[in-house]
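Chains A, B, C and D, in that order, are what the protein sequence lines are.
Reminder that position 443 of the first sequence reads as 443 in the working numbering, one-by-one numbering, no gaps.
Reminder that position 137 of the second sequence reads as 137 in the working numbering, one-by-one numbering, no gaps.
Reminder that position 48 of the third sequence reads as 48 in the working numbering, one-by-one numbering, no gaps.
Reminder that position 33 of the fourth sequence reads as 33 in the working numbering, one-by-one numbering, no gaps.
The set of hints was computed from the structure by calculation and includes no laboratory data.
Keep in mind that the hints are not guaranteed to be accurate.
List time: in silico SDA-like cross-link candidates among lysine to any residue, alpha-carbon distance up to 20 Å [unchecked claim]:
(1) D/Lys41 <-> B/Asn107
(2) A/Lys344 <-> B/Thr39
(3) A/Lys344 <-> B/Phe67
(4) D/Lys41 <-> C/Thr70
(5) A/Lys58 <-> A/Ala280
(6) D/Lys41 <-> C/Ala36
(7) D/Lys11 <-> C/Glu46
(8) A/Lys344 <-> B/Asn107
(9) C/Lys41 <-> C/Ala23
(10) D/Lys41 <-> C/Ala54
(11) B/Lys221 <-> B/Thr39
(12) D/Lys41 <-> C/Pro50
(13) A/Lys344 <-> B/Pro69
(14) D/Lys41 <-> D/Leu15
(15) C/Lys41 <-> D/Leu15
(16) B/Lys42 <-> B/Arg5
(17) C/Lys41 <-> D/Val34
(18) D/Lys41 <-> C/Ala55
(19) C/Lys41 <-> D/Asp52
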Amino acid sequence: MIDSVSRAEQTPGERLPYVELGMKDEEYQRVRDILGRRPTSSELAIYSVMWSEHCSYKSSKVHLRQFGTKAPKSEALLVGMGENAGVVDIGDGWAATFKIESHNHPSYVEPHQGAATGVGGIVRDIMSMGARPVAVMDALRFGAADAPDTRRVLPGVVEGISSYGNCLGLPNIGGELAFDPCYIGNPLVNALCVGLLRKDQIKLATAPGPGNKVVLFGALTGPDGIGGASVLASATFEDGSETKRPSVQVGDPFMEKLLIECCLELFQADVVVGIQDLGAAGVSCATTELAANGTGGMDVQLDLVPLRDPTLRPEEILMSESQERMMAVVTPADIPAFLEICAKWDIPATVIGEVTDTKRLVMTWHGETIVDLPPGTAANEGPVYERPFHEPEGQSALNADDPARLARPDDLRATLLRLLGSPNLASKEWVTGQYDRYVRGNTVLAQPADAGVLRVSEVMPGATETNRGIALATDGNGRYARLDPYAGAQLALAESYRNVAVTGARPLAVTNCLNFGSPEDPEVMWQFAEAVRGLADACKALGVPVTGGNVSFYNQTGAAPIHPTPVVGVLGVLEDVRRRVPSGFTGLGERVVLLGETADEFGGSQWAQVDHDHLGGLPPAVNLEAERALATVLVEAATRGLLTGSHDLSDGGLAIAIAEACLANDVGCVVTLPGDDAFTDLFSESASRALVTVVPESFHAFAELCSVHEVPCSTLGVTGGSSLVVEGVLDIPLPELRQTHESPLPALFG
Amino acid sequence: MSAARVGVVTFPGTLDDQDAARAVRHAGGEAVPLWHADTDLKGVDALFLPGGFSYGDYLRCGAISRFAPLMGEVVRAAGAGLPVLGTCNGFQILCEAHLLPGALVRNGGLHYVCRDQRLRIESTDTPWTSGYTAGQEVVIPIKHGEGRYVAAPDTIDALEAGGQVVVRYLGNPNGSLNDIAGIRNEAGNVVGLMPHPEHAVEDLTGGPGTDGLGFFTSILKKLVNA
Amino acid sequence: MARVIVDVMLKPEILDPQGQAIARALPRLGFSGVSAVRQGKRFEVEIDGPADEAALADVRNMAETLLANTVIEDFTVRVEG
Amino acid sequence: MARVIVDVMLKPEILDPQGQAIARALPRLGFSGVSAVRQGKRFEVEIDGPADEAALADVRNMAETLLANTVIEDFTVRVEG
Ligand SMILES: Nc1ncnc2c1ncn2[C@@H]1O[C@H](COP(=O)(O)OP(=O)(O)O)[C@@H](O)[C@H]1O
Ligand SMILES: [Mg+2]
Numbered sequence: 001m002i003d004s005v006s007r008a009e010q011t012p013g014e015r016l017p018y019v020e021l022g023m024k025d026e027e028y029q030r031v032r033d034i035l036g037r038r039p040t041s042s043e044l045a046i047y048s049v050m051w052s053e054h055c056s057y058k059s060s061k062v063h064l065r066q067f068g069t070k071a072p073k074s075e076a077l078l079v080g081m082g083e084n085a086g087v088v089d090i091g092d093g094w095a096a097t098f099k100i101e102s103h104n105h106p107s108y109v110e111p112h113q114g115a116a117t118g119v120g121g122i123v124r125d126i127m128s129m130g131a132r133p134v135a136v137m138d139a140l141r142f143g144a145a146d147a148p149d150t151r152r153v154l155p156g157v158v159e160g161i162s163s164y165g166n167c168l169g170l171p172n173i174g175g176e177l178a179f180d181p182c183y184i185g186n187p188l189v190n191a192l193c194v195g196l197l198r199k200d201q202i203k204l205a206t207a208p209g210p211g212n213k214v215v216l217f218g219a220l221t222g223p224d225g226i227g228g229a230s231v232l233a234s235a236t237f238e239d240g241s242e243t244k245r246p247s248v249q250v251g252d253p254f255m256e257k258l259l260i261e262c263c264l265e266l267f268q269a270d271v272v273v274g275i276q277d278l279g280a281a282g283v284s285c286a287t288t289e290l291a292a293n294g295t296g297g298m299d300v301q302l303d304l305v306p307l308r309d310p311t312l313r314p315e316e317i318l319m320s321e322s323q324e325r326m327m328a329v330v331t332p333a334d335i336p337a338f339l340e341i342c343a344k345w346d347i348p349a350t351v352i353g354e355v356t357d358t359k360r361l362v363m364t365w366h367g368e369t370i371v372d373l374p375p376g377t378a379a380n381e382g383p384v385y386e387r388p389f390h391e392p393e394g395q396s397a398l399n400a401d402d403p404a405r406l407a408r409p410d411d412l413r414a415t416l417l418r419l420l421g422s423p424n425l426a427s428k429e430w431v432t433g434q435y436d437r438y439v440r441g442n443t444v445l446a447q448p449a450d451a452g453v454l455r456v457s458e459v460m461p462g463a464t465e466t467n468r469g470i471a472l473a474t475d476g477n478g479r480y481a482r483l484d485p486y487a488g489a490q491l492a493l494a495e496s497y498r499n500v501a502v503t504g505a506r507p508l509a510v511t512n513c514l515n516f517g518s519p520e521d522p523e524v525m526w527q528f529a530e531a532v533r534g535l536a537d538a539c540k541a542l543g544v545p546v547t548g549g550n551v552s553f554y555n556q557t558g559a560a561p562i563h564p565t566p567v568v569g570v571l572g573v574l575e576d577v578r579r580r581v582p583s584g585f586t587g588l589g590e591r592v593v594l595l596g597e598t599a600d601e602f603g604g605s606q607w608a609q610v611d612h613d614h615l616g617g618l619p620p621a622v623n624l625e626a627e628r629a630l631a632t633v634l635v636e637a638a639t640r641g642l643l644t645g646s647h648d649l650s651d652g653g654l655a656i657a658i659a660e661a662c663l664a665n666d667v668g669c670v671v672t673l674p675g676d677d678a679f680t681d682l683f684s685e686s687a688s689r690a691l692v693t694v695v696p697e698s699f700h701a702f703a704e705l706c707s708v709h710e711v712p713c714s715t716l717g718v719t720g721g722s723s724l725v726v727e728g729v730l731d732i733p734l735p736e737l738r739q740t741h742e743s744p745l746p747a748l749f750g
Numbered sequence: 001m002s003a004a005r006v007g008v009v010t011f012p013g014t015l016d017d018q019d020a021a022r023a024v025r026h027a028g029g030e031a032v033p034l035w036h037a038d039t040d041l042k043g044v045d046a047l048f049l050p051g052g053f054s055y056g057d058y059l060r061c062g063a064i065s066r067f068a069p070l071m072g073e074v075v076r077a078a079g080a081g082l083p084v085l086g087t088c089n090g091f092q093i094l095c096e097a098h099l100l101p102g103a104l105v106r107n108g109g110l111h112y113v114c115r116d117q118r119l120r121i122e123s124t125d126t127p128w129t130s131g132y133t134a135g136q137e138v139v140i141p142i143k144h145g146e147g148r149y150v151a152a153p154d155t156i157d158a159l160e161a162g163g164q165v166v167v168r169y170l171g172n173p174n175g176s177l178n179d180i181a182g183i184r185n186e187a188g189n190v191v192g193l194m195p196h197p198e199h200a201v202e203d204l205t206g207g208p209g210t211d212g213l214g215f216f217t218s219i220l221k222k223l224v225n226a
Numbered sequence: 001m002a003r004v005i006v007d008v009m010l011k012p013e014i015l016d017p018q019g020q021a022i023a024r025a026l027p028r029l030g031f032s033g034v035s036a037v038r039q040g041k042r043f044e045v046e047i048d049g050p051a052d053e054a055a056l057a058d059v060r061n062m063a064e065t066l067l068a069n070t071v072i073e074d075f076t077v078r079v080e081g
Numbered sequence: 001m002a003r004v005i006v007d008v009m010l011k012p013e014i015l016d017p018q019g020q021a022i023a024r025a026l027p028r029l030g031f032s033g034v035s036a037v038r039q040g041k042r043f044e045v046e047i048d049g050p051a052d053e054a055a056l057a058d059v060r061n062m063a064e065t066l067l068a069n070t071v072i073e074d075f076t077v078r079v080e081g
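This is chain A alone, in the form it adopts within the complex (with noise of 0.2 Å):
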């Protein structure tokens, strides 16, 4: 039986699965007072998951506004939070558009599938602002590398990136790859996709203009990831097709490719009005966010949404997360032009409805009305939490344990290769050697590289020759969050700002993944509070926007949460992209200089993880003037062709910058410490430094630079020979110093 309007009006009393959908008492009450009679199962389904915290942010958005409210002016923002994705402005008329993204808890359930739709998902957030998508990242964390899960969980997740990302045809530019006991059970997948447009050409997800027709395309809708609406097409109305409804979702990352070349083709044929894609509630979202967004209305016919499986219920319909669906507004007279452009494709499309001017969102099923509602209720109006939130039990005790009771070692040398060796320092080519970083022909630096940096070349109309480059890098770090998430926010961003500026890349604009535990969790909350706050400040002093961004809750097992691990992908421009800046030693002779000062500093280290298993203390102090200054001197020097080689120190310090400078293309290096503590100079992770390399001809021009911007310069020797040497510590053949970079992976993982 249909539960219809009609049928809610006269039954008012019959109960609903409310609370098995996850909804409270009182959010079940708003939705009776919206409606002035009890919601049909159809209309609960659209509530229950557009008021999801998933869908609605409905514990964050409290803490998120102040990416808004202290955003820092930038000419450069032309979409900003929330839409799809946010845009940026990168010059000769291009503009850029970039997203992260958690697919956590699906990853762990079937990580080939998880993060294969995971990358899917993404990667249609960014079709649906107009743009090519032209590249992705992963930011992954496991538990620790020799846990037999992580065996079971890292080998599928890769695989599942590597799959589908190389069938779509988007070079995968960079990413990150850590492991922590905390993860395991909880890993973290987190992707970026990166799109360019014209910076006219710029779709939004709003259905305007009463009369245009609403189409649904791309793949068959069937009864993916709706074990929830299950319950609900079942538990109140008799049904005898009771076939199993699966969680998991299956990606078809061909289908996606057609759909991404059938897409771009709409919008050149200019046959679209607005779009939104289809991702977590489905057509639930995509209708009433479309509604919400434009005139207000929309009718649909729910009955003729193209099934992969005939028994679907209306409810699982507008529940099912179905993944390669889109869809789009469209004017009567260029359906057919549109319908033409999926066919040749070979994309399934259907009208399924029409924009109207009711302001409300009217759905039936075979001539029966299932729903009529507002849709700005469910799409923007959704539940507000302000969650209460304090310091966690003995968070002053990690504090005050401070790493410098930890003994310090004797022997830097093995140290050096005890950090190099370690799964979170060693090389990542066993996962990025399952990537494609070639396709489309455009990626100027993927690994090893502190950025991925792509040149800017897309055939599009309007498109002219240029020489620009964009550069993107993530980065997180959950043990500095842990010890002060306010800080580890700030450090994350810094690091990944950092990343871009190494690389000549001018840092814009700022996309973040807020990966952590139950905001139901006052100690969790008061880790999120913080950590957004600490990211909103730094975003202003650094000058760069939030475009957008992710929060994935209930990261934890059990009662333990993961730690706050809030990670950030930070886009730059590269006028001329020819003047980028590769990370590794290159030429012989030349002087390699430390940026930078460095300071006793071992709080959440690499080193107190790998030799102590410690984690206490604070992390490394922030300075954001330090690191804005950094980052002008880096770009300014590689835009006049001062550097040959850059790159950021972070993880395990100098000593693992310059085994990975010298690794880079087998070049040894001979140099001095600067201070009076090797072991300090080597391993501790001062923030806000880099390590250049700089011909003799060019030293005196760049030493003047950092002195103009206050840029601690000091020369700490030269490149050359085949071992790395540091006078008087250490000295380590580079094959030595290769193979046990290069061996743990592979070693662990097969």
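Since the structure of chain A is already known, use the hints to place chains B, C and D with the ligands on it.
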């Protein structure tokens, strides 16, 4: 004189077509886009079947694409001597279409492999490799999950005896028989290889160096001189 | 020596992109009359001893833990013959 | 409506690294007594009409030209039952 015209074929799921077209232009030619569902080769002077995952490579790489309407024309033109180069998925399609012997199966290591690969050019006796010197060592990216070349022993023997092995791996990345990275047909006009020369044509982008450019300059030189 | 066959197919409710791509292509290749295709895996497991109940139980266990991903796949085990 | 099964296996002389990797992993997972594993594909083809000789010939043709690559693979076609 108008530039030589090299057709670049796009199947559903082809990925490296834009790169291939750029490489053709870079070498001084005109890239002519060709669509799998058409039956018109537009009078091109040579054909390039680029890499990708046509039809998702779901069944078997190249298995479905080889039935494309355009492939009928490709087979006919190849028989008539038109120079044809297939890289990666293009190579797989040429094998599936029986324009080249053997087949490409799952990598021995079972992982997709993307890396800058050392290769040796074994045969300069094709319109696509005439610009190299025999025995020349080059570095060109590979990126594939199913690139292990296999064929019956007598086929392999015949390829070796006939000088039909065009490119060989130095350090076999996928378990290919005899380290074979690329082959040609008996006539020499049809060449297939797993590496991606179109990703090694500019210093700025792709793999290190420009060792792949020779495939494109070879064919253009031949067409201009023809 | 016996041969045991393990067939692994995606569960019916799970999307099978491979099968769908084939099914969509068939009409264009001149094959009509096919309403659906599903693609799965087939394993031939050679066991040293006879294919008795114990051996089959072993293979079933193997299918459950290694050959099939039971989150999305079903499997069947049978002796070839 | 009938279901026809097409099994596709690599020819015995072609190396099957997937099967080998599984066979190698088995002892580590505590399974002994398996001497070899080979991995192939299984297709379930739903045909509209009955599985008569004509239909089977059609499917055989489809297997020969599309589902299997006879350069490296063998196939068998049978009606499910
Ligand atoms: N999960 C991943 N996906 C893609 N690229 C990755 C991933 N993990 C690491 N990389 C890449 O590998 C290289 C080395 O990584 P890493 O050592 O973490 O760099 P860094 O220390 O400079 O941040 C970088 O180019 C990075 O972008
Ligand atoms: Mg870095």
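Hint numbers the structure violates, sorted upward? Per hint list: 8, 10, 11, 12, 18 and 19 violated.
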